[in-house]
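K.L.:
Single-letter residue listing:
There are 2 protein chains.
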Amino acid sequence: MKKMLPLIAFLPMLAMAQTNTDSILIKHISDETMRNGKAYEWLRQLTKSVGGRLAGSPQFAKAIAWGKKAMDSIGADKVYLQECKVPHWVRGQNDKVAITAINGKPSPTTLDALALGNTIGSGSKGVTAEVLAVKDFAQLEQLKDKVKGKIVFYNYPFNPTNIATFLSYADAGKYRWTGASRAAKYGAVGMIVRSMSESTDNNPHTGAQEYNDSFPKIPAAAIGLQDADRLWQQCAASTVTIKMVTHGHFLPDTTAYNVIAEITGMDLPNEIITVGGHLDSWDVNEGAHDDGAGVVHTMEVLRVLKAVGYHPKHTIRFVLFANEENGSKGAEKYAEAAKEKNEQHIFALESDAGGFTPRGFSFGVPAQAWGKLNAWKTLFEPYGGSSFTVGGGGEDTEALKAAFKTPVAELIPDSQRYFDVHHARSDVFENVNRRELLLGAVNMAALIYLVDNYGL
Amino acid sequence: MKKMLPLIAFLPMLAMAQTNTDSILIKHISDETMRNGKAYEWLRQLTKSVGGRLAGSPQFAKAIAWGKKAMDSIGADKVYLQECKVPHWVRGQNDKVAITAINGKPSPTTLDALALGNTIGSGSKGVTAEVLAVKDFAQLEQLKDKVKGKIVFYNYPFNPTNIATFLSYADAGKYRWTGASRAAKYGAVGMIVRSMSESTDNNPHTGAQEYNDSFPKIPAAAIGLQDADRLWQQCAASTVTIKMVTHGHFLPDTTAYNVIAEITGMDLPNEIITVGGHLDSWDVNEGAHDDGAGVVHTMEVLRVLKAVGYHPKHTIRFVLFANEENGSKGAEKYAEAAKEKNEQHIFALESDAGGFTPRGFSFGVPAQAWGKLNAWKTLFEPYGGSSFTVGGGGEDTEALKAAFKTPVAELIPDSQRYFDVHHARSDVFENVNRRELLLGAVNMAALIYLVDNYGL
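Order-wise, the sequence lines are chains A and B.
So the first sequence is numbered by our numbering: it starts at 1 and just counts up by one.
So the second sequence is numbered by our numbering: it starts at 1 and just counts up by one.
Quick caveat, the hints were computed from the structure, so don't treat them as lab data.
Just to be clear, a hint being listed does not mean it is correct.
Chain copies aren't distinguished; within one or between two, either way the pair holds.
Cross-link-like lysine-lysine pairs, in silico, DSBU-like; alpha carbons within 35 angstroms at most [to be verified]: (1) Lys401 / Lys377; (2) Lys306 / Lys135; (3) Lys148 / Lys341; (4) Lys313 / Lys243; (5) Lys146 / Lys313; (6) Lys372 / Lys96; (7) Lys105 / Lys339; (8) Lys38 / Lys174; (9) Lys135 / Lys38; (10) Lys144 / Lys69; (11) Lys372 / Lys48; (12) Lys85 / Lys372; (13) Lys217 / Lys243; (14) Lys85 / Lys146; (15) Lys85 / Lys69; (16) Lys85 / Lys144; (17) Lys48 / Lys401; (18) Lys243 / Lys69; (19) Lys69 / Lys105; (20) Lys68 / Lys341; (21) Lys96 / Lys48; (22) Lys146 / Lys339.
From a predicted model like this one, the values you see are computed outputs, not experimental measurements.
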């Protein structure tokens with residue numbers, strides 16, 4: 001397109017903006033962020049100089065040091081580390097999942113696979129068995145007498161019709177989360193799951209799973225969509241034998257830290273607003289969207305509130321949580337310490353759904369707060385974040401909500417691309433857009449300002 | 001993030017959807033598109049088998065043949081070509097813009113540059129001259145006595161604070177569009193312009209410019225942002241000499257075609273609704289977002305209306321316009337032919353702002369239509385396209401609007417990434433996301449259905 005005429009299409013808020021203190025301050029926040037925001041540069045540092053950083057790993061220790069130093073540079077009233085114990089799962093050597101035979105004839109074909117987080121490895125000899133392909137748990141139950149000694153392959157698809165792709169993740173994610181033990185219950189010796197994604201590439205998507213201790217712990221891995229489609233067709237036509245060699249294991253829990261910065265409230269220093277994202281990521285990528293974006297969103301909200309000279313009424317805590325991906329021990333520790341100190345937590349906002357262009361927020365708040373929230377919507381329209389929905393905060397605000405009934409919220413960016421990269425090798429810095437990332441921080445800072453000023 | 005709980009955050013429309021015919025049909029359109037949509041595969045064909053396709057070029061002839069064949073395959077009531085004459089500008093050999101000397105000392109440095117569309121080349125010897133760097137037209141006027149014999153470099157920035165990035169394009173685009181002649185007026189021998197972009201790479205962004213016939217026609221080129229920043233600093237500190245060698249020229253106008261498909265209206269076949277995008281693109285890329293997306297959006301709207309068995313009341317025309325980028329001759333011809341036949345055009349919808357996730361529509365409609373449009377907004381909320389703003393259609397609906405006062409609209413996708421790739425080498429298939437692309441067609445088809453059923 002070449003059109004050059006000034007478009008008045010994009011100025012719905014101008015009249016209001018000129019007469020409204022809130023919209024003027026939010027415009028100031030936006031201009032400062034879009035001009036001078038550091039979130040993108042911070043993300044480059046975190047992804048390129050630290051990289052993948054699963055809790056317990058040496059890279060995670062490096063991430064904590066980086067986070068502390070970066071937070072120190074922004075000028076909070078205090079910056080400190082909060083100790084917690086985190087699990088230390090390691091993938092070990094390269095995961096290998098390969099077809100060895102079709103109808104008993106050797107037919108070696110390597111599948112692109114990643115062992116699921118928290119799985120126990122196959123042992124170095126691996127597990128070799130015939131594949132039983134099922135489309136869902138219902139079919140597994142129907143075929144339960146045939147499961148023994150097999151590798152169960154769940155080919156449950158990511159539902160393409162949900163425009164909110166997190167719904168499809170919640171749906172398909174059950175297979176990753178519980179599929180290994182549900183197959184082991186009937187004697188399966190291994191599990192393979194179709195990745196929770198609609199991406200057009202063949203990258204496998206890892207993520208945590210949880211064994212049911214009543215059944216044997218079997219190796220489990222995700223495969224990419226192209227391999228899943230091919231394997232499904234092969235299993236329909238033939239007897240397919242697969243060898244899985246994975247090396248996952250737990251080392252002893254290690255000491256880690258939440259990284260916390262604070263601006264002390266002017267009027268109500270003992271009432272706390274929390275803003276956060278999680279510092280850990282999976283080991284196979286740079287954790288750029290998950291959750292590098294949430295980390296640098298959090299830091300950018302701190303930066304911009306300082307930059308525009310805003311002095312909050314309440315104390316605002318900016319928290320980089322340890323260990324969301326495979327344990328949530330950082331969030332639990334944060335809530336536990338708050339409980340011990342009998343702190344008052346009036347609101348918590350999380351960013352853990354990517355660095356894509358913001359669409360709005362999901363709120364877990366009392367019904368009476370909705371009148372106020374609805375009145376604020378127009379303030380967010382110029383910045384894209386005006387879709388306010390009933391829901392919850394993210395994983396890292398759950399413990400706080402449980403402990404204090406704290407109202408919570410989560411930034412909801414556009415989700416169309418999120419599961420292309422989520423927990424896959426492709427979750428790298430290059431797949432984050434600078435303007436989209438900064439705009440997330442604009443909307444978060446605006447919400448923090450409004451809650452700080454007017455409460456919920 | 002790992003959260004697995006079903007999120008009720010994303011179901012604001014469920015209650016209404018179950019009781020409302022319109023929302024049920026739109027959900028049907030959405031499900032069919034997200035499951036079986038062909039837009040992405042069509043875009044792959046257009047970008048990879050045809051590629052860049054400036055009007056008049058052999059590639060554009062190939063694009064017309066591809067468009068006709070693809071339209072034929074969808075099952076419209078008729079598919080035909082509408083002849084028009086289009087300009088035939090060619091870039092010629094590689095553009096070259098290089099620093100030759102700094103403060104008179106040889107200092108050869110090639111800049112990444114693209115000649116602007118419709119420019120006249122420098123001749124094979126090129127133009128070598130000292131650079132006069134200005135930040136804007138006001139500074140050019142101040143320095144007009146120093147312009148003679150120089151190459152003027154406009155370093156006007158793309159305003160980062162506009163969340164609607166098309167505003168920044170309208171603002172900065174004046175330098176590309178008119179900057180050469182405004183410099184030539186004072187004796188400049190060449191023009192270089194900072195690309196209209198905020199991308200983090202150094203790709204130059206071409207696009208049309210228009211000479212003022214009162215002044216000499218000088219060569220003009222765009223350079224990437226990193227080169228622009230460096231050149232600006234060098235010019236502030238030193239005397240910089242640059243050599244421009246460009247080869248642009250016009251060949252005789254050629255015959256081209258709009259590709260048109262039609263579904264004949266059941267009730268009001270003589271009242272016409274137009275849906276379109278432009279088939280031409282710049283020569284330096286694959287024209288994936290600009291405007292391959294609009295082309296395949298148009299085709300997908302046709303496909304999905306057929307697939308869900310919708311029989312429109314009005315005749316719907318699906319138009320792939322020839323020559324938007326450097327002449328708009330396709331759109332002019334379409335309006336001219338309609339005028340000759342005394343057709344009734346009740347609505348025209350264009351997609352020419354990229355294949356990114358949809359945010360809404362910009363409308364150029366009579367004031368009394370807004371009551372109806374506002375009532376429709378909630379129908380678009382589940383699909384992301386509910387931001388309805390006052391504006392216009394796109395470039396290709398302008399002539400129709402001028403001829404018939406036809407109400408017009410344009411799809412407004414999220415614009416944060418658009419100018420990263422717009423008119424640059426990076427506007428390629430790989431930078432289009434399948435779900436985002438399809439979702440644009442969902443929203444367009446929903447709007448066409450509503451206008452067809454209820455009018456404006």
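K.L.:
So, for every hint listed, does it hold in this structure?
P.N.:
Hints, verified against the model:
For the identical chains of this complex, lysine 401 and lysine 377 are neighbours both inside a copy (24 angstroms) and across copies (34 angstroms), given an alpha-carbon limit of 35 angstroms. Taking identical chains as interchangeable, the C-alpha atoms of lysine 306 and lysine 135 lie at most 35 angstroms apart only when they sit on different chains, with a minimum of 30 angstroms there against 53 angstroms within one chain. Within a single copy, lysine 148 and lysine 341 get their C-alpha atoms no closer than 52 angstroms, and across copies no closer than 74 angstroms, so neither meets the 35 angstroms cut-off. For a Cα distance limit of 35 angstroms, the shortest separation of lysine 313 from lysine 243 qualifies neither inside one copy, at 60 angstroms, nor across copies, at 59 angstroms.
In the homo-oligomer, the alpha carbons of lysine 146 and lysine 313 never lie at most 35 angstroms apart, since the shortest distance is 64 angstroms inside one protomer and 56 angstroms across protomers. For a Cα distance limit of 35 angstroms, the shortest separation of lysine 372 from lysine 96 qualifies neither inside one copy, at 53 angstroms, nor across copies, at 58 angstroms. Taking the closest pair of Cα atoms, lysine 105 and lysine 339 never come within 35 angstroms of each other, the shortest separation being 62 angstroms inside a single copy and 70 angstroms across copies. When the C-alpha separation of lysine 38 and lysine 174 is checked against a cutoff of 35 angstroms, the pair qualifies only between copies, where the shortest distance is 30 angstroms, while the shortest distance within a copy is 37 angstroms.
Taking CA atoms no more than 35 angstroms apart as the test, lysine 135 paired with lysine 38 passes between copies only; the shortest distance there is 25 angstroms, against 45 angstroms inside one copy. Taking the shortest Cα distances, lysine 144 and lysine 69 never come within 35 angstroms of each other, neither inside one copy (54 angstroms) nor across copies (50 angstroms). For the homomeric pair lysine 372 and lysine 48, neither the shortest alpha-carbon distance inside one copy (41 angstroms) nor that between copies (51 angstroms) is at most 35 angstroms. Proximity of lysine 85 and lysine 372 under a CA criterion of 35 angstroms is satisfied in neither setting, with 39 angstroms inside one chain copy and 58 angstroms between copies.
In this homomeric assembly, lysine 217 and lysine 243 come within 35 angstroms of each other (Cα to Cα) only inside a single copy, at 17 angstroms, whereas the closest approach across copies is 70 angstroms. For the identical chains of this complex, lysine 85 and lysine 146 are neighbours neither inside a copy (42 angstroms) nor across copies (69 angstroms), given an alpha-carbon limit of 35 angstroms. When the C-alpha separation of lysine 85 and lysine 69 is checked against a cutoff of 35 angstroms, the pair qualifies only within one copy, where the shortest distance is 21 angstroms, while the shortest distance between copies is 63 angstroms. Taking the closest pair of Cα atoms, lysine 85 and lysine 144 never come within 35 angstroms of each other, the shortest separation being 39 angstroms inside a single copy and 69 angstroms across copies.
For the identical chains of this complex, lysine 48 and lysine 401 are intra-copy neighbours only, at 34 angstroms inside a copy versus 51 angstroms across copies, given an alpha-carbon limit of 35 angstroms. Proximity of lysine 243 to lysine 69 under the C-alpha cut-off of 35 angstroms is found in neither arrangement, the shortest distances being 45 angstroms within a copy and 47 angstroms between copies. For the homomeric pair lysine 69 and lysine 105, neither the shortest alpha-carbon distance inside one copy (58 angstroms) nor that between copies (44 angstroms) is at most 35 angstroms. Taking the shortest Cα distances, lysine 68 and lysine 341 sit within 35 angstroms of each other inside one copy (23 angstroms), while across copies they are farther apart (72 angstroms).
In this homomeric assembly, lysine 96 and lysine 48 come within 35 angstroms of each other (Cα to Cα) both inside a single copy, at 26 angstroms, and across copies, at 34 angstroms. Proximity of lysine 146 to lysine 339 under the C-alpha cut-off of 35 angstroms is found in neither arrangement, the shortest distances being 50 angstroms within a copy and 71 angstroms between copies.
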